[in-house]
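Enquirer: If you want the building blocks of each chain, they are given just below.
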Amino acid sequence: MARLTDANVVVAKEIIARFPRPKSALIPLLHLAQEQDGFLANDAMAHVAELVGVTAAEVYGTATFYEMFKFERVGRYCLNVCTGISCHLMGAWELLEHAEELLGVKAGSTTEDLLFTIEGVECIAACTEAPAVSVNHRYRYRVTPEDMDRLIDDLRHDRLGGEFPAHGVLARVRQRTPDNWAGTGAAAQQAVDAR
Amino acid sequence: MSDATVPPTPPDYTQPGRVPTGPKLITTRFDQPDGYTYDGYVRTGGYTALRKALTEMTPEQVHQEVKTSEMQGRGGAGFPAGTKWGFLPPDVFPRYLVINGDESEPGTYKDRKLMELDPHQLIEGVVIAAYAVRAAQAFLYVRGEMALAQERLAQALNDAYAHNLIGRNILGTDFSVDVVLTWGAGAYIVGEETALIESLEGERGMPRLKPPYFPASKGLYLQPTIVNNVETLSNVPWIVNQSGQAFHDLGAPTSTGMRIFAVSGHVNHPGVFEVPNGITTFRMLFDAPEYCGGVRDGRSVKAFIPGGASAMWFFDEHLDLPLDKPTIDKAGSMLGSGAIVVMDDTTDMVAACWNVVNFFSRESCGKCTPCREGTTWLQRILKRILAGDGRPEDIDLLMDVSESISPGIAWPPRQTTICPLGPSAVSPIASAVRRFRHEFEHYIQHGRAVDGVVTPPIHGVHGGARIHV
Amino acid sequence: MSDVKTDAPADAAPEPPKKTTLSITVDGRAHEAQPGQLVIDACEDAGTYVPRFCYHHRMNPVGMCRQCLVEVEGPRGPMMVVSCMTPVAEGQVVRTETPGVKRAQEGVLEMLLANHPLDCPVCDKGGECPLQDQAFSHGPGESRYVEEKRHYEKPIPISDLVLLDRERCILCDRCTRFADEVAGDKLIHFISRGNATQVNTFPDEPFASYFSGNTVQICPVGALTATPYRFKARPWDLTQVESTCTTCAVGCRIVVQGSRDQLLRYQGVDSDPVNWGWLCDRGRFNFEAVNSDQRLGTPLVREQGELRPTGWSEALARAAQLIREAVDAGGPGSVAVLGGARGTNEDAFAWARLAHDVIGTPHVSAQLGDGMPVGLLALNRATIDEAASASTIVLLGPDLKEELPVLYLRLRDAAEKRRSRILEFTPKPGGMTRYAWKSIGYEPGTQVGAVHAALANDEIAQQLGAGNVVIVAGRANLAETSAAQVAALGELLAAVPGAKVLPALRRGNVVGAVQLGMRPGKDGMDSRAALAAAADGTVECLILVGSDPLSDVPDADLARRAMAGARRIIAVDALPSPSTALADVVLAAAAFAEKSGTTTNLEGRVTTVGQKVTARHTARPDWMIAAQLAAALGTDLGLESEADVLAAMAELNDSYAEISAAALAAAPDGVLAHVPTTLDPINPPTVAVPDRNSYDFRLVVSRKLYDAAVGTAHSPSLAHLAGGATIHIHPADLDRVGAADGDSVKVTSKRASGVFQATSDTTVLRGTAWVPFNQPGGTVGELIDATAPVTDIRIENL
Ligand SMILES: Cc1cc2nc3c(=O)[nH]c(=O)nc-3n(C[C@H](O)[C@H](O)[C@H](O)COP(=O)(O)O)c2cc1C
Ligand code: SF4
Ligand code: FES
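Residue numbers (our numbering), protein chains in the order written: chain A, 53 to 247; chain B, 20 to 488; chain C, 332 to 1129.
No lab work stands behind these hints: they were computed from the structure.
A couple of the hints might just be wrong.
[To be verified] If you anchor each label on the Cβ, the simulated ranges turn out as follows:
| # | chain 1 | residue 1 | chain 2 | residue 2 | range |
| --- | --- | --- | --- | --- | --- |
| 1 | C | S722 | B | G59 | 58 to 64 angstroms |
| 2 | C | V424 | B | A350 | 43 to 49 angstroms |
| 3 | A | A69 | C | H388 | 50 to 56 angstroms |
| 4 | C | A992 | B | F106 | 47 to 53 angstroms |
| 5 | A | V244 | C | E473 | 36 to 42 angstroms |
| 6 | A | V244 | C | A1083 | 24 to 30 angstroms |
| 7 | C | P366 | A | V244 | 22 to 28 angstroms |
These numbers were taken from a predicted model, which means no experiment stands behind them.
Glycine residues also receive a C-beta, built at the ideal position from the N, C-alpha and C atoms.
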């Protein structure tokens, strides 16, 4: 897959400029790449490396540390069933098993139509609403097997509109760098870095 | 408080009005539909504290109020925020403020709510704190998976900049600071403050050894850095508005202020509650209709985790302990991140133990040998026991491997590792094996759980799919 | 950083005696530790070795393996700390043998072994493996780990020279830290997390580092192995001798290891003033050339146009006869001796005596038209340590990463960690450019102006005036004469009179050779003049002592004409080369590791070279050949053994007066030879460089680490690493000539024209073009005129 698009390079440069050192923008930029392609393509990682001025191996080292980044194509919807201790106590495993049966794939894999990837994940910070699931990091609470049937059916038939953007899209609102950006932190750090 | 710790007969909290409740300091907008918007925030008193701090107070005065409040950090370690700010070496600039919004400890659920439902309150606290510690820039590090929190914070930051509440010459004063929204990508360890700093530098989130890298003296880019939790800073506007003393007067003298607890697991009404610190007991929280309304199906508490997955577990004899840091520390566990997980008497202790150990083994950063190898080893032994392949010597082996990670298996834990993650995996084992050894032995002898408990169909153990090891 | 001398003013009041050490207790024994030292090192000084895996004293500690845990008495009682990250403090009480410590160390070892394959019998490291050793000395007995071990695909190549077995890896971060901190080539990295953590490269982007072999040496297990050594031997079969690498003039200390009279491996030795244990891959792996079956083992003489093997007496007699014929024809001056920089000091000394004293010719040169005037060596010379601790390091020479790689590591370290500032003048940005405080690019021939302009800059002038300055000076461009470079050096020295100079000459023992007499005598010709004289027949006889003009002389036409014009050619060499193929007599020389002696590095440090294997067939050291040839010419040099030569050197050469076997034995890091006073200091010439026609490009030609040089070409593991001889042009200039990356272009100089493949390269300065020298199949030498101050070329798209 691709390098970052020109439009994304503009976004990337704006993000980089907010940090005292370019490498600090690495994770946000990788998210941008994942938003673009749904996963982290090698070309995109190499491009991010160029943008922040490090080697591709460094980018890869950082990227692979974090679970959200995917290195091969995943489904349009990543269905994450929380298996943290609270959800474990409240029926998460049963729910995961149910989802596997519904989708006909095991946790950790993707349906053939590339619509769903299903995963058992660690605590997603919704413990009082167990069992919780998230689809592309949008939450559903106290999910019963019936809720799960409906959710999957709705997703399959695209009935949920914009609630679940494609995998890789996180915040749909970006921070902007306004005119009254102070810039003092970066400037002071640059002075220090230049000894 | 000591008198209150072990009352002769536990009071019955099942009737309403029997428990102390307090004012809400930071959860006031949780039920306000537009509480997260700029208009909704300002309408309900937002940004008055910032104005007060910047126009009526010096940074030192703000710092003094926070010191007076004796507010303990809400990220887990419970270190007083005002004292921490005082550790910044004088005259070393630039310094940074980093806000820890990486909330990932199993059971913990409060920072996400604060960020989603009241982002401006956090931002206000951040700007005030940046003023107090004279930070040149603040970084709001949100857990990667929290898309809505990121969205709400991004919008709130854009609005706050537009209203001159962040950025250059805030509210017309000399004070300027930027707040940068940034986020992670799924790694629990990044909640640890030095790992968070590494992550913020674009690195793998591996903790640094302290000393020499106490963030207050050498943090982000090796400059002085304050790392504070989301809940900690969300309290700052209230403290500035109402005074540190007013905060101190709430809760107990040894654990001041109100505090958010998330109670999950086998209770009738799990929820997120802001309660007076140090006064409330676990039993009150679990039983009172104002809070959780009792254990589900009228069952009894078999064990509970008092402060996040890293904590030692508590049992029924601990129910009447108040939520007070020194008391809980003394009783051999911690309040940590305010995450309470209740397990009723149907809980399979071996499976629950495995679950928490599995979490830590999955989340080990891999830096220290004992944690990287040891937590995985523990997890695999437990998985084998659950699968019916346990050996009699496995219980001793579990304790022995634990000993290699946390010598003495005591509380507070000692560690052969850099950070407390490895020893955290020892807590569930020490708790469950010591208290419920017979459940482990039963699994080993009979290949299944003791009667009367429910074992979830854990993947990789019960024929399910791939399990992360 | 050992003996860096500070120049305290003589009249300063004596400091009151202050305690400069910290008193600590190690296992009950009192010890004085150095301030700033880590507990692990202090313990070692105190005689207690704390086990470790991740700690390496040349790299930042990371405290990862947790094997070095010790107990330190602190304010809150004894605390378990990692000794590799804990600094010593006054009054500290360290215990390394308490039951708690033992228990913790056993625990760590058990964990490290849990997933380790324990395939020691088939592992290269078996027998010299810290993990294996510590498992015996500090480990628990049996493993209690019954789970399935981690599995990875068995060794995967991470570069052309290094294989990685991730199952054996214990994740100590040494290789990855080396790549980052020491080499600056961050091409290997930890990837994934927790128990799945592994070392790897970015997909399809190999660990192409000139220093990759060091990772094999410092890996504490057998996870990293070098293809040239893999499965060749078991450590207990190896015997070794200490030596000095003579591949380039840095003179890295090494141990040469072998078994059954075969060379198998070189390992870096941690010499504090020189290489800190590091080697470049070329130096590390070119032992293969010594083992090559192409080696010349017996002398050859030309008969009816063909070289045929013969015995030494016939060969020496023939050589003596050729020399006599030449002297008879045109006097001693009709013999020229080129080379001597690849051998030992003993070799150079003996050959210098033969040339100057026996034959009587002044036409002697250790350089081949690619070096600098020998007066460079008469300047106030800096050591490597002095350069690496200077406030300003001025680079006015070749790309150190390519030509003097370990000096590059030392100076890069100085810039990165010791905060020296590097001021670089270069016709082509190279390896050091990214670490330079300021890098000033200049068009060949204009360096005097560039230096001038820089000196006029306030910031630069202030920097140069602020502290000690070391100038690293050498030849940056083979397509120009050295004149402008020398003039620029003169300018700098005039502006910064206290500056010291580190000569950046490349050939292994060039400094020793020059200092010991392999240089022009009175009215002697330098190599370029000598070759020209050979071409026009004034020099009748060329004697090549380990030199190959056809490969090494930048001006290819000159070299070819000289070899054709010389009526008699005697070559002394260990391997066949294009030049030996044209010789009338080839005298088979012993190669590196087949002889012992001494060598002198670029800072003048004399160290030993050791013999590990017997010389191939009847090959013999150069000094012996010189002595025997002298005898054949009727003079007894009195040199019967290498010890004789060393003694004669000390006696006859002031610079080497203090060099003796005893002095060298007492100083394993070597002894500095005095800077010769007998050399004429350089004389900055005035240079007239014609302006460049704006259609033309000015040519820069410089060396890469891997080229077609004989040692590389005969090392199979390295030979294929030499890249092609494409012409590198800035993309905008490439556009201007209407060509694209990869196109064939016609390149024309005053001398010749040829077809080159073009490479678009943003590092090349506009208006210049760069071609690497002496690459396989390369013909750039054809374009160069050794007498022209610069080489301008025309580039046309074909
Ligand atoms: C393994 C580990 C995970 C942690 N996770 C979090 C976290 O998710 N959020 C948080 O605020 N603090 C977390 N902490 C605590 C932080 O290191 C740090 O103490 C805290 O952010 C400081 O903020 P406070 O003083 O305001 O509590 C964690 C600590 C450890 C050792
Ligand atoms: S390959 Fe060797 S040097 Fe590199 S991390 Fe693994 S054990 Fe350490
Ligand atoms: S040598 Fe100290 S932790 Fe590895």
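Enquirer: A separate judgement is required for each hint: does it hold in the structure or not?
Expert: Do the hints match the structure? See the list:
1. Here the CB-CB span from C/S722 to B/G59 is close to 59 angstroms, well matched to the stated 58 to 64 angstroms.
2. Checking the proposed 43 to 49 angstroms range against C/V424 and B/A350 shows it is violated: the Cβ atoms sit about 33 angstroms from each other.
3. As the Cβ distance of A/A69 to C/H388 is approximately 40 angstroms, the hint placing it in 50 to 56 angstroms is violated.
4. About 60 angstroms separates the C-beta atoms of C/A992 and B/F106, a value inconsistent with the hinted range of 47 to 53 angstroms.
5. The beta-carbon spacing between A/V244 and C/E473, approximately 54 angstroms, falls outside the hinted interval of 36 to 42 angstroms.
6. A hinted range of 24 to 30 angstroms for the beta carbons of A/V244 and C/A1083 is inconsistent with their spacing of about 54 angstroms.
7. For C/P366 paired with A/V244, a C-beta distance near 26 angstroms keeps the hint of 22 to 28 angstroms intact.
Comparing the model with each earlier hint shows violations of hints 2, 3, 4, 5 and 6; every other hint is respected.
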